[in-house]
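Enquirer: Using the sequences provided together with the hints, build the complete structure.
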Amino acid sequence: MSQQLEGHDLIEFLTQSEQENHTNEKTTYYLKLAKFRLPATIEQIN
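The opening residue of the sequence shown carries number 143 in the numbering used here; numbering runs sequentially from there.
Check the hints yourself; a few may be wrong.
As the list claims (entries may be wrong) - Derived DEER-like restraints, expressed as beta-carbon distance ranges:
| id | residue 1 | residue 2 | range |
| --- | --- | --- | --- |
| 1 | Q145 | T165 | 23 to 29 Å |
| 2 | Q146 | N166 | 24 to 30 Å |
| 3 | Q146 | Y172 | 33 to 39 Å |
| 4 | E154 | I187 | 41 to 47 Å |
| 5 | L152 | N188 | 21 to 27 Å |
| 6 | A182 | E162 | 20 to 26 Å |
| 7 | R179 | L147 | 40 to 46 Å |
| 8 | Q145 | T170 | 37 to 43 Å |
| 9 | A176 | Q146 | 39 to 45 Å |
| 10 | I153 | P181 | 35 to 41 Å |
| 11 | A182 | S159 | 38 to 44 Å |
| 12 | E185 | E148 | 31 to 37 Å |
Derived by calculation from the structure, the hints in this document are not laboratory data.
By construction, the Cβ of each residue, glycine as well, lies at the ideal position given by its N, Cα and C atoms.
Expert: So, in structure tokens, the structure goes:
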């Protein structure tokens, strides 16, 4: 079943997606800049 988003829902979805993408790119940049010796994820840290 195909569902179309209303105009404001589409704008909200696109805005949220752009914000998440920006945050992910920023995090990736800072992780590379930190030059950690061993890769880890948040889930692996106790």
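Enquirer: Looking at the structure, which of the earlier hints fail to hold?
Expert: 4, 5, 8, 11
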